[in-house]
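Protein chains: 8
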Amino acid sequence: MTKRELEGMMEEVRAGTLAPEEAAARLRAAPFEDLGFAKVDHGRELRQGAAEVVYGAGKTAEQVCAIVRAIRRGGARRVLVTRLDAAKAASLAAAEPDARWDATSRLAVVGPAPEPDGAGEICVCAAGTSDLPVAEEAAQTAEALGNRVVRLYDVGVAGLERLLAHVGELQRARVVVAVAGMEGALASVVGGLVDVPVVAVPTSVGYGAAFEGLAALLAMLNSCASGVSVVNIDNGFGAGFLASRINHLA
Amino acid sequence: MTKRELEGMMEEVRAGTLAPEEAAARLRAAPFEDLGFAKVDHGRELRQGAAEVVYGAGKTAEQVCAIVRAIRRGGARRVLVTRLDAAKAASLAAAEPDARWDATSRLAVVGPAPEPDGAGEICVCAAGTSDLPVAEEAAQTAEALGNRVVRLYDVGVAGLERLLAHVGELQRARVVVAVAGMEGALASVVGGLVDVPVVAVPTSVGYGAAFEGLAALLAMLNSCASGVSVVNIDNGFGAGFLASRINHLA
Amino acid sequence: MTKRELEGMMEEVRAGTLAPEEAAARLRAAPFEDLGFAKVDHGRELRQGAAEVVYGAGKTAEQVCAIVRAIRRGGARRVLVTRLDAAKAASLAAAEPDARWDATSRLAVVGPAPEPDGAGEICVCAAGTSDLPVAEEAAQTAEALGNRVVRLYDVGVAGLERLLAHVGELQRARVVVAVAGMEGALASVVGGLVDVPVVAVPTSVGYGAAFEGLAALLAMLNSCASGVSVVNIDNGFGAGFLASRINHLA
Amino acid sequence: MTKRELEGMMEEVRAGTLAPEEAAARLRAAPFEDLGFAKVDHGRELRQGAAEVVYGAGKTAEQVCAIVRAIRRGGARRVLVTRLDAAKAASLAAAEPDARWDATSRLAVVGPAPEPDGAGEICVCAAGTSDLPVAEEAAQTAEALGNRVVRLYDVGVAGLERLLAHVGELQRARVVVAVAGMEGALASVVGGLVDVPVVAVPTSVGYGAAFEGLAALLAMLNSCASGVSVVNIDNGFGAGFLASRINHLA
Amino acid sequence: MTKRELEGMMEEVRAGTLAPEEAAARLRAAPFEDLGFAKVDHGRELRQGAAEVVYGAGKTAEQVCAIVRAIRRGGARRVLVTRLDAAKAASLAAAEPDARWDATSRLAVVGPAPEPDGAGEICVCAAGTSDLPVAEEAAQTAEALGNRVVRLYDVGVAGLERLLAHVGELQRARVVVAVAGMEGALASVVGGLVDVPVVAVPTSVGYGAAFEGLAALLAMLNSCASGVSVVNIDNGFGAGFLASRINHLA
Amino acid sequence: MTKRELEGMMEEVRAGTLAPEEAAARLRAAPFEDLGFAKVDHGRELRQGAAEVVYGAGKTAEQVCAIVRAIRRGGARRVLVTRLDAAKAASLAAAEPDARWDATSRLAVVGPAPEPDGAGEICVCAAGTSDLPVAEEAAQTAEALGNRVVRLYDVGVAGLERLLAHVGELQRARVVVAVAGMEGALASVVGGLVDVPVVAVPTSVGYGAAFEGLAALLAMLNSCASGVSVVNIDNGFGAGFLASRINHLA
Amino acid sequence: MTKRELEGMMEEVRAGTLAPEEAAARLRAAPFEDLGFAKVDHGRELRQGAAEVVYGAGKTAEQVCAIVRAIRRGGARRVLVTRLDAAKAASLAAAEPDARWDATSRLAVVGPAPEPDGAGEICVCAAGTSDLPVAEEAAQTAEALGNRVVRLYDVGVAGLERLLAHVGELQRARVVVAVAGMEGALASVVGGLVDVPVVAVPTSVGYGAAFEGLAALLAMLNSCASGVSVVNIDNGFGAGFLASRINHLA
Amino acid sequence: MTKRELEGMMEEVRAGTLAPEEAAARLRAAPFEDLGFAKVDHGRELRQGAAEVVYGAGKTAEQVCAIVRAIRRGGARRVLVTRLDAAKAASLAAAEPDARWDATSRLAVVGPAPEPDGAGEICVCAAGTSDLPVAEEAAQTAEALGNRVVRLYDVGVAGLERLLAHVGELQRARVVVAVAGMEGALASVVGGLVDVPVVAVPTSVGYGAAFEGLAALLAMLNSCASGVSVVNIDNGFGAGFLASRINHLA
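From first to last, the protein sequence lines are chains A, B, C, D, E, F, G and H.
Position one of the first sequence corresponds to residue 1 (the working numbering), numbered consecutively onward.
Position one of the second sequence corresponds to residue 251 (the working numbering), numbered consecutively onward.
Position one of the third sequence corresponds to residue 501 (the working numbering), numbered consecutively onward.
Position one of the fourth sequence corresponds to residue 751 (the working numbering), numbered consecutively onward.
Position one of the fifth sequence corresponds to residue 1001 (the working numbering), numbered consecutively onward.
Position one of the sixth sequence corresponds to residue 1251 (the working numbering), numbered consecutively onward.
Position one of the seventh sequence corresponds to residue 1501 (the working numbering), numbered consecutively onward.
Position one of the eighth sequence corresponds to residue 1751 (the working numbering), numbered consecutively onward.
The hints are simulated quantities; they were obtained by calculation from the structure and are not laboratory data.
Hints should not be assumed to be uniformly reliable.
[Stated by the list, open to error] Stretches of chain H that chain G covers, calculated by requiring three or more beta carbons in the stretch to come under 8 Å of a beta carbon on chain G:
#1 1884-1890
#2 1979-1991
[Said to hold, decoys possible] Simulated DEER-style distance windows between Cβ atoms:
#3 Thr810/D to Ala343/B: 19 to 25 Å
#4 Asp534/C to Arg1672/G: 42 to 48 Å
#5 Arg1073/E to Gly1418/F: 23 to 29 Å
#6 Asp852/D to Asp1598/G: 35 to 41 Å
#7 Arg1823/H to Ala1500/F: 36 to 42 Å
#8 Pro1614/G to Gly918/D: 37 to 43 Å
The beta carbon of each residue, even a glycine, is placed where N, CA and C say it ideally should be.
Full structure from sequences and hints, please.
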C-alpha cells in the first residue's frame, strides 16, 4: 500500500464515504485472500508489475491448485508456478486446462502467452548442457513476462571461440543472464564483453569442490567485471524475473 | 573488440589500406597501454560506457598515480579510484589537482563532475549508521557516473516506521540500492515494496555470527522478494555502477 | 535433585529413618528407570514442569513404545513424541489408544488434552506455506503443554501488508514464535513490532545458498531487533516448549 | 504504529480535527528525528518498553554523543550505549555528566539507575573468567533495565561441583543467562537443572577449533535440554535485554 | 620394519646367509600379500598388537571375503570387519562360518572370542538412545580386542542425575569412551569427573545446526576438561581400538 | 584460434581469396557444430592435443549419443565419455559398436585404442581399495590418451612398507598420480620420494569429518612436499588427462 | 566428589558428628575458594591426579597471580600456567619467586620440578621448526607432570628418512605426541609405525588453505592409522597432559 | 633413500667394507644434519633435483641463517628462502654476502644465478596488479631453478583483449602458471587456450566473499578446462617449483 493510496483512503474517510473502522479493516484484509495455509495476494500484480508466482516445491498438488485458483479468481491473467514436478503438473493441468508445463525448466504457465512488450532482447547464455534446466527456467520466465529471449547455450569459457562467435548477440541484448556451474567464470567473461546489466546465476552443476554451487556462487560474487550481480544458486526464475523487470523499465 | 570492428578492420585489409601483419599487431597491442605492472585499457570507456575504474587497495600510491595518468593520457574525462586510503589520496591530489576524495566512502573522482543524465533517480537506502561507508561508496559512484541519488539512511527493519515513512521516495526511484549488514533483512522488505530492480549490498557490519558479512550475504541471496540481486560484501562501488548502468539503459 | 531435597534426605539419615547406604543408592537409582537402551526420567515432570518428551527420530517403534509405556507407568499424565513418522505412529496408536498424531507436525500426544492454563496467548507466525510443518510442531507442542495459540501463516516480509494487517494479534500475544526459512527476515520484522519475547525458528525451507537453513539461522542470530532469541533449525518443538515455559512463569 | 493508533488517527480525520495530508505526514515523520546519519526513534520506549539502545561500535564519538543527546531531548529517562571503548566513553562522559561506564562490559548507562521492578531475579552464570566481559554486559544491561541480578561466575562443567553447589541460586531465578565459550556445555547442563527460560550466550573465548565462538554457538543451538534459546556470539546485551523482557512480563 | 629387524637382516647379509638382492626384495615383498585391489598386511598383528581390521564400507562382498580369507591364511587368529551391512554380512557368514555379526554395531568378528586380558575396565557411556550404534561399535571392538567393557547408556547431561548416579562405574574404569551427538557436552562433563583418559566420539545424531556431527565434534575438541581427546565423527571402532590399546599398555 | 591462424586468414582476405564477411562468419561458425543443447568443438583435438571429452553426468543418453556422433562426424578418431552409468553406457554401445565401457571407472572410450606414445610411464597410486574407481578413471584416461600406466593400489601411509616396497616403480615414472581419500597423506609422502610432478587427487572416500573429500583436498593443497598440485575431488579424469599432457611434452 | 566420599559424609551425619545443614553447606562450599572472578578448585589435584592448571590467555596479570596464590594456599605443590605472555610472566615471577617460564612454549611452572614417575617415555615429534612452540608446550607440560620426554623435531613426512631414522625412539615410547601443521600427515605415518597411543596435535602453522589449522585438524581426525586421537589446534598443553595421564596409568 | 642406494649399501655390507651397525647408523644419520630445531637434508638436492628450500615465515632470523649455513656446508650451490621479510633478509644478507632478496616476492636466493637449462619457456600470467607478489614469487623461483620466464601481468578476463593479444606468448610456453585472486577465472580461460600443463595459483587478493582466496581456489579446482591443476592459496613458490620440474623433465 503506497503513500498515495493511504492519502486517498483518508480523503474518503474525511468525506464521510468511508467509515474509519471500515478503513482499518480494509487495510488489514483487502490485499490478500486467506486460504489458511496461504494468503493469496491479489494486489501484487498491480503493485509489483507481474502476476503472483507460486513456488511449487514444498507444497502439495492440492495446495498448488488451490492457490492458483484463488489467484485467478482475484482477476490475474497469468500465473507462474516454479519448480513443479511432473506429477503435480498433471494435477494442475487437470484443474487448469490452459496450463502449459515444460519438463526441462519445471515451470508451468497458466493463462495465455503474452505479447513481448519489453524494451529490448534478453540474452540467456549458459556454460554447459547440464545448466539447461536453470537456463530454461530463466528464459521461459522472461518469455512468460513479455520478453523476447535469445538463447546461447554451451558457451563455457574453456572453448572461448564458442562465446566470441556470438559476441554480436550478446552485445545486442538489453540484459544478459549468465548461467554457469563449476567455476562460474562465464559471468566475468560476459561481463567484460557487454555494457548492459548482467544477471549471474550460479548452478549446482559439478561435483566435489563445486560444493553444490558454492564455487560458482563465490566466483560470481567476486567477478572482476563491473555490472554483474548475482542471484541464488539454481535460481533461474529469479534471474528471468529481474531481467524482465529491467527490460520493462520505462 | 566487437564483431563489427573486426569486420571493419578486415575491410581495410582487403582494401589494401592496412597490412595484415599490422592488423594482427593492432589486435594485440591497441586496446591498452602496458605499464609493466598494469595494462591500461583505453577502450573501456567506449566499450563499457564508463571510465576506467582503479581499485586502490593493494596498489602503491605510485602505481595508482601512474595508472590514473595513463588513463587520462588516453583521453578519459573522468577516473574513479575506489578503496583509497587517506595517504594515497593525498599523493593522488598532489599529482592530479582536480581529484576529489571523500573520507567516508574512500572514493576519489578525478576530473569534472558530470551532469546527471540517467533516466530516473537511484535510491540508496542503508539499514544503520555503520553501513554509511558502503552506502556512500554506492551513492558517490552513481553520482560520478551521472545519476541523481536519493539517500535513505538508518532505515533498518527493526523500526519499520522509519522505512515505511519513506516508501514514497523508494517507489519513485528507477533503481534501489539496499545496503545492510547483520541480518540483511532490508533487501527483502524493500524488495516487497517496489517494482524496480533492487541491488542488494551486504556489509561486514556486525559481529559474531555475522561472520564478516556472510550472514547478510546469504540472507540477501535467499530473499523471498523477487527482483533482488546481490553484489559482493561491502561492494558499494559495484552496486552504484550497476545501478547507473540500469538507469542509463536507453 | 535440588539442594532442598538433599538436605531433607540427610535429615532422614540423621534421624535414623534412612540408612546411609540406602541414601546413596537412592541418589543413584531413584530418578529414572533403566530400560537398557534408555533411562526413563520419572522426576522430570516435577523438576522441569512438563512431561517427558521422546525424540522419535533415530529410535525404533519398539523403543518408542517401551519408553512411552515406562513414562506413563511412572505416573505421567501426558507424553509427547516428536518427529514420529506415520509407521511408528501407527505402532504407537496400537499400543496407546489415547495417542493422537498429526501428519503435518509429526507430533504425537499421548494422554488427555490439557486445559490452557498459561498466562496469555502464544502467537505462532510463519513466513510461507512450506514452513507449516515446523510451525505446527511449535503450535501443537504449546497446546499440548496448556497454552492458547494464535496462528498467523504465510506472512513473509516480501508482502508486508499480510503481516501488518495482523499486528494486533501479534501485539496481543505474550510470546511470539517466528518461523521462517530462506532469508529468515520475519524474526527481525516481528521483533521490531512487539515488546514481548520472540522465539525465532529457522527452517530448512529454501534451496541453494539457503544451505539447509543456515542462511535463516545466521540471519536470526544477527537480528537487529532486540528481544529475539533462536533455537535450532526446524526445531518447532523447542520453540513451542520454550514459549510455553515463558507463558507459564508465575 | 499499532492498529489502535491508526484507527484513532482516522477518527480524528473523520471528525475534522486532523487534515488527511497532515495525517499522512505524521505517519511518515512523527516517530523519529532525522540526524542525517541516523534516525532517532522517540517512540521505541513506548512501543518496546525500554529506552533506545545505541550500538557504539562502528560509530564515531561525535555520532554517539549526538544520538544520545537527541534521544534524551525526546524525553527518554535512560540511554544505554553498548560496545563503547574507553576513548568514546570519555567523550560521552564529557557531554553527558550522568553517564556511567564500565570497563569490563564496555557498557555506558546515561541517566539515573532504575529501581528493580522485575518479577524475579535473573541469574547470570559464566563458565570461565575470560567470559566475564560478556557476562557483565548481560548483567549490567539487565540491571539498567530494572532487574535484580545474581552472578555465578567460573562455574564451567569441567568442575561440576562449582555449579552444583549453586543449584539453589539457579533454581530460584526467574530467568537464567548462561554464558560460555569453548565447548559451551554450560547451557545444556544448566538447562537440565532449572525449569525457567535459559538464554544461552556463546562467547568467542577459546582458540583453534573454537572458531571465534562457532563451536559454542553450535553446541548451544543443539542443546539436548529443552527451554534453551540462543543469541549471537558475545551478545551479552541481547541476553540481558531478553532476560529483562521475560522478567517484566505482566 | 623396525631398526632392530633391519640390523638383523643386514647381519645375515654380512654373514653370507642372505643375498643382498634377496634382502631388498624381502623388504619390498614380505610384509603383505597383494590381491590386486588390496595389499594384505600379514605383519600388522605383530607390529601393531592387533589383528588386521577391514573397513567394510566401499568394498564389495567379494572383496571383503577375499581380504578376510587372505588375512586368516596369513595366520591371524581374529579379523574384525567394520561398517558391514546385512547383505555383505550374510556373504561373509557363508564364507567364514565362525563369523559373528551384530546388527546394531554393524561389526563382524571372525574367529574365536578372546579372553579379556586388559589391565582394567573400559567404560563406554553414550548420551542418548540414538547414539547406540556408535557406542556398540566401540564396545564390541574393545571386547573383540580382549577388554572388559561396562556400558552406561542414555546418560546425557540434560538429566545430570542419570550420569551422577553412575559416577562409581565411571571412576572405576581405566579408560572412558564418551559417545554423544547434538551438543556433545557429555565429554566435558565426564572429563571433569574422572582422572583417566577419555576418548570422545562425536556422532552424527541430531539435525539442523548439528551439521551431521560437526557441532559435537567442535564441542569435544574444545572441551574445557583436560584429558579428553577426540576421534572422527561416528568412529566407534577407532575409539574402541584406542581404548583397548591404552588398556593393554604394559 | 591462434595468432598464426588469424594472420593466415587475414592474408587470404588481402589476397582476395576470402571475402571479409566470410572471414568473420568463419571465425564465428567454424570451430564447432551447434546441436542446440551443445556446441561440438571440432577444433579441440588440434588445438588441445586430445579428442573432445564428454562429461556424461547430467546429460541424457540421447544427448550423449548425439554429441559423440557429432564429434566423430567431425573426424575425431577417439572420444572419451566420463561418469557414464551402466544404462547410458548400454545406449552408447548400441549406437557406437566400438565403444568400450568399464564399470569401475565409469569411463567409455569410443574408437580404437591408441599406441602408447608418451615419453615415459605414468604411475597411478591409490591409498585404499575404496579409491579404485577414481584411480581407474585416471589410469584408463591416461591409457586412452596414449600412455603406459603402472598401478600401485592399497599403498596408504598407515602401512608404509607397502609404499616403500614400490619406491622403484614410483621413482621410475615420469609423472605420478596420487589418489587418496580420508586424510590424503599419500600425496605428501609420495611427493617426498620422487622428483617428478605429482598430481594429487583427493577422493570422497571416508565419513564424518572427511566431509566428502574436503579433508583430503585441504591436506593435499597444504602438502609440505614440493612438486605436488591438486585437482578436484574425485576428478580421476582430470588427473589422467594432465598426467598425459605432461608425459607428451616434447 | 565421588560416591565413596558422599557415603562417608552421610555416615558422619548419621553418627551425629556432622550436622545435616553443615553437610549440605560443605558440599556447596568445600571444593573451591571463590575469588569473585574465579572459583579455585582445591580438590582437583586429588580428584584428577594433577595440580590445577591456569589458562593464562584472557586473564589479567593480577587475576593470574591471585589464582596461583590461592591454589598454592590450598596446598598444591605445583601450578602450571599456560599461554602466558612475557609481560604477565614477569608479574608472576615477581609474585612467585620459584616460577620458571619458557619463552617458546609460553608455559610457566610454579613450584619445584618433579621427579619423573611415569611408567615409560613420552615421545614428542614435530613436523617442522615452526611447530616448536606447540611441541614444547606439550613436552614441558609432560615434564612438569613427572614424565621423561624424548623430542624428535623437524621430521615432516616430505623427508621420510628423517622420521624413519628415528623409528627406534618412536617405538620405544609408551605414548607418542605428534605435532604438525599444514597437511598434518605426520600423525598418520607415525600411527602406522607404533603400537602405542598417538595423541595428534594439529597446529595453525601454514597459510592459505591451511585455514589456521583446519586442514591439519581434519587430516588427523581422518587418519587411516588406528590408535590416533586428536586434541584442539595448537593445544600442546592438552596433548602433554593426556600423554602424562596415559603414562601414569597404574 | 632409493632402492638402488639400499642395494648398494647392502653390497658393501656383504663385501665387508661396511659394518652392519654402521650401515644402520648411516641410514639413520646420513641424509641430514641435526641443528636441534631443524634437520637439514643434504640429500634433497640429489634426490629431488633442486636445492633445499627454506620456508622463512615462522622462523627467527637466527634459525634461517643457521639453516642456510648448514645447507651450504653440505655442498649445495644454491639455497632459496621464501616468505622472508625485510628485517630477516637484512640478517641473511649480513651472513651470506651473495644473497639476493626481492621485496615484491619476498624471495631470497643465496648463491650464483643459474643458467637457464629447462626445455622451454615458462609463462607466468597474473590477473591484476595486486597479484604481483605471488606471481613474482613463482617467476623468480622458476628463474632461480634454471628456467626462462615470460611474464604477462594484468590480463584479467574482464578485459579479454589484454589476454588474447598475448595468446602467442601463452601458446609458445611449455608450462603456464596462472595467478589470480577474486573469482580466479583466468585459469579456466588460459586452460582453454593452450595445450600444455597449467598450474593455477589462487591468491588472497579480493575482499568480502573472496574469503581470503577461497573463492579463487574453488573456482580453479572446478575449472571446466582440462589440464589445469592447483596449488595452495598464494603459493607462488610451489607453482614456480612445479613448473620448473615439468620444464626439466628429460
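Status of the hints after comparison with the structure:
1. Evaluation of the coverage hint for the segment 1884-1890 of chain H: breached, as 0 residues show C-beta separations to chain G shorter than 8 Å, against a requirement of three.
2. For the segment 1979-1991 of chain H, the assignment as covered by chain G holds, since 4 residues bring a beta-carbon within under 8 Å of that chain's beta-carbons and 3 suffice.
3. Our hint of 19 to 25 Å for threonine 810/D and alanine 343/B holds, since their Cβ atoms are close to 23 Å apart.
4. Taken as a hint, the range 42 to 48 Å holds for the pair aspartate 534/C and arginine 1672/G, whose Cβ atoms sit roughly 45 Å apart.
5. Between arginine 1073/E and glycine 1418/F the beta carbon distance is about 27 Å. The supplied range of 23 to 29 Å therefore holds.
6. About 36 Å separates the C-beta atoms of aspartate 852/D and aspartate 1598/G, a value consistent with the hinted range of 35 to 41 Å.
7. With their beta carbons about 39 Å apart, arginine 1823/H and alanine 1500/F fall inside the hinted range of 36 to 42 Å.
8. Taking the beta carbon of each, proline 1614/G and glycine 918/D are about 40 Å apart, inside 37 to 43 Å as hinted.
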